[in-house]
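J.: Sequence:
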Amino acid sequence: MHTLTIQSIFDNLGWYQKNYIQILQTSEQYYQSVECASIKFSIVSDQKLYLGDLLQLWFGHKWTSSFVKNLQSLDHDFWYKNQTIAEEDFYIYSLKYDQKINQVIATAWLEDLKKESCIQLNIDCLPFYLSFIALERPSHAMH
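Quick note on our numbering: the sequence shown kicks off at 866 and runs consecutively.
What the hints contain is simulated information worked out from the structure, not anything from laboratory work.
Fair warning: there could be bad hints in the mix.
When the alpha-carbon atoms are kept at most 35 angstroms apart in a straight line, the in silico DSBU-like pairs for lysine-lysine are as follows [what the hints assert, rightly or not]: (1) LYS905 / LYS927; (2) LYS961 / LYS883; (3) LYS965 / LYS980; (4) LYS934 / LYS913; (5) LYS905 / LYS980; (6) LYS979 / LYS927; (7) LYS934 / LYS979; (8) LYS965 / LYS979; (9) LYS883 / LYS965; (10) LYS961 / LYS934; (11) LYS913 / LYS965; (12) LYS913 / LYS980; (13) LYS905 / LYS965; (14) LYS883 / LYS927.
In this text, all values refer to a predicted model and were calculated from it rather than measured experimentally.
From just these sequences and the hints, can you work out the full model?
T.: Encoded structure:
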């Protein structure tokens, strides 16, 4: 299977919503590669994210603007203020901890603007990591 782009996923989001359960249950569909989708919190923890991972995180309201805003409401210093981003609905598809600035950098798709953007989060990456490790995945048959 070819590598998906974030834009192609959002261009066909209705299809992915309709076929969500089937994608989660079928390893060939679940493990479809998505360009630039990853989670990296140290030099030894670079983990690729697949289509099924992202769909679970997004449709489960994790790694979304609503998740970030809920976390932000718990701590007023949580989020690096960016009013353009704050007003948009977004879906995170890549997280990276930047030790130089001691922040998590999220790459997200902005729903209304139909483009990607980077967001700096002044937080511990634990809530995002826990959401990721809690995912249920089908067995990944090695070819």
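J.: Which hint numbers does the structure go against, in order from smallest to largest?
T.: Hint 9 alone not satisfied by this model.
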